[in-house]
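As a plain string of letters, each chain reads:
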Amino acid sequence: VSQLAGATVAAGGGPGPRPPSRRRSARSREESRTGLLLISPTVVIVVAVVVLPVLWTISLAFQQVRLLNLRTTGIIGEYSLENFTDVLTSSGFLQSLVTTFVYSVLGTTGAIVVGLVAALALRHPFRGRGLVRAALLLPYVAPVVAATFVWTTMLSPQFGIVNYWGVELLGWDEPVAFLSSRSDDVTILGLTFSVPTALLTVIAFEAWRSFPFAFLFLTARLQAVPDTYEEAARVDGATPTQRMRYIILPQLLPTIAVLAVLRFIWTFNNFDDIYLLTGGGAGTEVVSVRVFDYLTARGDIGAAAAQALVLAAILAVAVSLYLRLFGRSEDVA
Amino acid sequence: MTTTQTRPTGTAGAGGGGAARTRRGWSRDAVENGVVRVLRPLVVAVLLFASVFPFVYMILLSVKPLDALLRDPGSLWVPLDQVNLDTYANVLRSVEDGGQGFLVFIGNSLLVALGTVALSMLVAIPGAYAVSRLEFFGRRRISALFLAVYFFPAILLAVPLFVFFTRIGLRGSLVGLLVVYVAQVAAVTIYMLRNYFDTIPVSLEEAAAIDGATRLQVMRKIALPLAMPAIVSNGLFVFMIAWNEFLFALLFLVERRDRWTVSLGLSQLAGSIEVPTTVLMAGSVILTLPIIVLFFASERLLTGGLTAGAEKG
Numbered sequence: 006v007s008q009l010a011g012a013t014v015a016a017g018g019g020p021g022p023r024p025p026s027r028r029r030s031a032r033s034r035e036e037s038r039t040g041l042l043l044i045s046p047t048v049v050i051v052v053a054v055v056v057l058p059v060l061w062t063i064s065l066a067f068q069q070v071r072l073l074n075l076r077t078t079g080i081i082g083e084y085s086l087e088n089f090t091d092v093l094t095s096s097g098f099l100q101s102l103v104t105t106f107v108y109s110v111l112g113t114t115g116a117i118v119v120g121l122v123a124a125l126a127l128r129h130p131f132r133g134r135g136l137v138r139a140a141l142l143l144p145y146v147a148p149v150v151a152a153t154f155v156w157t158t159m160l161s162p163q164f165g166i167v168n169y170w171g172v173e174l175l176g177w178d179e180p181v182a183f184l185s186s187r188s189d190d191v192t193i194l195g196l197t198f199s200v201p202t203a204l205l206t207v208i209a210f211e212a213w214r215s216f217p218f219a220f221l222f223l224t225a226r227l228q229a230v231p232d233t234y235e236e237a238a239r240v241d242g243a244t245p246t247q248r249m250r251y252i253i254l255p256q257l258l259p260t261i262a263v264l265a266v267l268r269f270i271w272t273f274n275n276f277d278d279i280y281l282l283t284g285g286g287a288g289t290e291v292v293s294v295r296v297f298d299y300l301t302a303r304g305d306i307g308a309a310a311a312q313a314l315v316l317a318a319i320l321a322v323a324v325s326l327y328l329r330l331f332g333r334s335e336d337v338a
Numbered sequence: 591m592t593t594t595q596t597r598p599t600g601t602a603g604a605g606g607g608g609a610a611r612t613r614r615g616w617s618r619d620a621v622e623n624g625v626v627r628v629l630r631p632l633v634v635a636v637l638l639f640a641s642v643f644p645f646v647y648m649i650l651l652s653v654k655p656l657d658a659l660l661r662d663p664g665s666l667w668v669p670l671d672q673v674n675l676d677t678y679a680n681v682l683r684s685v686e687d688g689g690q691g692f693l694v695f696i697g698n699s700l701l702v703a704l705g706t707v708a709l710s711m712l713v714a715i716p717g718a719y720a721v722s723r724l725e726f727f728g729r730r731r732i733s734a735l736f737l738a739v740y741f742f743p744a745i746l747l748a749v750p751l752f753v754f755f756t757r758i759g760l761r762g763s764l765v766g767l768l769v770v771y772v773a774q775v776a777a778v779t780i781y782m783l784r785n786y787f788d789t790i791p792v793s794l795e796e797a798a799a800i801d802g803a804t805r806l807q808v809m810r811k812i813a814l815p816l817a818m819p820a821i822v823s824n825g826l827f828v829f830m831i832a833w834n835e836f837l838f839a840l841l842f843l844v845e846r847r848d849r850w851t852v853s854l855g856l857s858q859l860a861g862s863i864e865v866p867t868t869v870l871m872a873g874s875v876i877l878t879l880p881i882i883v884l885f886f887a888s889e890r891l892l893t894g895g896l897t898a899g900a901e902k903g
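Here the protein sequences come in this chain order: A and B. For our numbering, add 5 to where a residue sits in the first sequence, where the first one is 1. For our numbering, add 590 to where a residue sits in the second sequence, where the first one is 1.
Bear in mind the hints are in silico, worked out from the structure with no lab data behind them. Model, not experiment: these values are computed from the prediction. Among the clues, some could well be false.
Unchecked claim - Ranges of calculated distance between the beta carbons of each label pair, as one might list FRET restraints:
1) B:P819 with A:S96: 50 to 56 Å
2) B:A658 with A:L258: 47 to 53 Å
3) A:I63 with B:A708: 31 to 37 Å
4) B:E686 with A:L73: 32 to 38 Å
5) A:S85 with B:L693: 45 to 51 Å
6) B:L693 with A:E87: 44 to 50 Å
As the list claims (entries may be wrong) - One-sided and incomplete, this derived list gives chain B residues near chain A with beta-carbon spacing under 8 Å:
7) R729
8) F742
9) V770
10) S857
C-beta: ideal position from N, C-alpha, C; glycine also.
Next up, chain B with everything else stripped away, as it sits in the complex (with noise of 0.2 Å):
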């Protein structure tokens, strides 16, 4: 490879991790490997900061007062005698006693992400197992739909469901709501299950077979507990898409307040300015907090499954 040529620097001095100087003043190499090393912590810093700060600040206006963010909006510290949690209080307590009812929100969110998870779960399981496993009439074409449901524009299927679930009077419904995220995650789930599957030896279950164990017997006995740790991750996942949602939620739900989720509830508070931004930072805390703490909770087995498919390339 001609092109790796460096200056004519000799041809021992470039090598070596970039160590040092050359007789002849700073090589390319020398000087590119310190302009990197300077440039990598800062290039962290930076991203960490923007990753981080948005997230930060908005615990810090949570327990800020109100007149303490109108006065100096600048300042990043809350005194630790000023702090308020006033808001957190106002944001959770019902509407009939002054607050703005995230309560009942959270209870919504918390019914519709996990029946979502629970009914995708039933049903993407078997499927899943099935696609892996079993050689059946129109396999490859299912998988094919699932993917293609995975790259729907949402706002297509926005507009019939809108319409149907006018005309049948389900709007304001939560059970409605929940079958609509079923079928959008059941392509991801059933695609993320089916490769942890695939990694499974069938060995295993021929044994079983032998034995005399039908076929709902080796997924119940041998596949299912195999496969635990990808059903929990995508669990996780499922929830976590559910809890998140919004379009859906706007499109269903925005006539009905008792029957608001979190993120709803917070968007459409939002635009008003009656709610001041300090308990709407409190209700956005509360929104994100289950997220975050159930994504540390579960990095591990979460980044290994959002990746499963990137070593195809």
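For reference, chain A alone in the conformation it holds in the complex (with noise of 0.2 Å):
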């Protein structure tokens, strides 16, 4: 992302400093003429529907437009930074940017470390493997809105199936409103915590929902590591720790850290899980769905614009960070 700024730029920009590298003979001008005709649809729509609506965002974003005053706004109206100083004093923008933050970090983590577990479980073969793999991969193809609304019956307080049986087995003392409740104190050994309960379920949800993208990933590079690295290990005496540790983690390092940042990303932008688990209730709401409260609810277009920016440059900042701390921006692709 950190190239977004610079690539949108260079999409309606003038000559870029690329030579040509060969003659300009009239089979290569013939081959540009071609090649710009066949790619120009794609680039109106990529231009139309997304370019030129963000460079308005950033319009709008420092415009006081409201959905109410929307006809009467030009492109030339009167511009300040007032959208911005409200948004970035306003309280609940800041909690809800601690709240994304946690939101993506957690449910990143919780992806990648089930979908590792997966992929390490199901590396060797036994009978049905492929049927079970395919299985796993039901979280993460299924829409959204079908999963959320069968996990939201799952977890309901009054006839959920998690409660019921929380209840009745596990000796609960009463329902947990797992995806209403802001917190809840939680006995562990005699000690009491008190811990986020709806946030730890949208948690857990996007780690269910996002591991089997991560378990494909990892699952795919692990094929490609030689059994003989292993089998030399086990040879010297390896144990499967040791063995995991030193020979398989280290082979799989650089495809986790093309995970972490490709999950760390859609999940920083999420918008359905959270809208349709909570709404946005109960300690939950990330920056994405306050951007579209403002927007629909409350139609205060300037400042959903204004968020929705401050969370794109914020995305840009950390993932350009990550990038030139851990690895080669090439390799995110």
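Two chains, two frames, some hints: make the complex.
Written as structure tokens, this is what we have:
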């Protein structure tokens, strides 16, 4: 995403520094013309539906636009920084930013850890492995609306099966309002903690829903690790944990790093899951849900645009920092 | 690698797939191997349960009589004589007939999803071919732009599109939604198809060109048939994205019930208390089933496509 700004500017931009690598023959001119012709429909659609609207968002963010006065607002409006100062000084926005970070980091970590465990557990062939593999991808391919609806029903304090069995079998004192309780006290070994119930639930949902993605990538990478490495380590007397630590993990690390970036970006931007599970209530309001509320419920377009821009900017900074620290950006593709 | 030394159980004892006890009792290797042997099937079982159970539960509730659910929420069985398929009839019937109108939603979803597939293939196949085969001005930048679009926060795009569609009065239009979807998937489509075109040897096309075929003839007669597997899997992938999409459908269509997609319809009705949960579960099954059928039918193709970028690290 660090390339985002650069790419959008370049798309509309003038001649670049790329020198023609070969002589401008008639054939290469023809090739260039055909290439541009073939790619232009896609470029037109992307520019019209993505690039221009994003540029317009930037303009909207600096104006006092509301849904009500929308028709009277022109391109040349009164520009001010008011939206940004309002947004950045409101405690609600900062709180939702923190929530977004916690949600993204824990959701990404959860998805990768579960995906790694799944990839390792299914590494060696057994009867029906193909079917199990396909079944593990269900959470990822299923429509998000159906998945969230089933979870909501399962976790319902009234007739949800989780609460039913929790009370019946696990001896819970009372049903847990997984999706509408901001925090609950949990007693483990005599110590009482306060845990953010709803936030943890949406994080668990995120891990459940996207672990198959990590599982797929890591399985593909595992298949490419030559057996000979492990064989040699085994002959040298390395135990399973040692082989894991010194042979397999180093092989998987680059893939895990790429996965971390991808999942973090998508989780950070995620709107659907939280909107559908909690509607942003009970301490789960992430920035994208907040933007949606400003846009539709409050009709405050300027503030919505400003918050969306801040979200994108923070994401861009976070990802470019990460890439600078841990890797070469080209590999993300 | 000195770190891989086991406890002093002797050099030969640890080898051979954790066969067994050595004379001095359990070695660390044998213990770990034993634990792994027990843990592996357990982990597989837990993961399988976690992945599949919600969907089994979905089907179960969709055929369960409502009073049975409220009476005994914990039961995981519906006696065969009590299987209740009225929920499906109810959810599919039109609103005028006292149903939920999912038949209309299915039509809308199909229209949008198939339209997105058709249009995105129409623009992306030539585009991907160009990016893979032809040297033209700005090629690299265009690839970068498409990649950037793929990672864009959807909510950032939602603001201006919502405003724009409101202003020109295109909210509630399925075509408007379709165009947005095409722009969203164009990036990943071109990326995936390009990867496939890259694996097709150029020599075939050069041979055709020497025989006098024009560029477009080469594309249509040689490259297109060869890329068919990738095009089909990609079309399925795009269909699934469009069928599952929620945010833009919500933004554009929410006020027009007759234009709702299945996803949107389910999410909207899930909030109301008038519609019984079992009926909505039938709606969930209707929403999920096409995707799962498509997925299992094309699993090989799709997983290949999904992991196409995994081998670069």
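Results for each hint:
{"no.": "1", "hint": "B:P819 with A:S96: 50 to 56 Å", "verdict": "holds (54 Å)"}
{"no.": "2", "hint": "B:A658 with A:L258: 47 to 53 Å", "verdict": "holds (51 Å)"}
{"no.": "3", "hint": "A:I63 with B:A708: 31 to 37 Å", "verdict": "holds (33 Å)"}
{"no.": "4", "hint": "B:E686 with A:L73: 32 to 38 Å", "verdict": "holds (34 Å)"}
{"no.": "5", "hint": "A:S85 with B:L693: 45 to 51 Å", "verdict": "holds (50 Å)"}
{"no.": "6", "hint": "B:L693 with A:E87: 44 to 50 Å", "verdict": "holds (48 Å)"}
{"no.": "7", "hint": "R729", "verdict": "holds (7 Å)"}
{"no.": "8", "hint": "F742", "verdict": "holds (7 Å)"}
{"no.": "9", "hint": "V770", "verdict": "holds (6 Å)"}
{"no.": "10", "hint": "S857", "verdict": "holds (5 Å)"}
Checked against the numbered hints above, the structure violates none of them.
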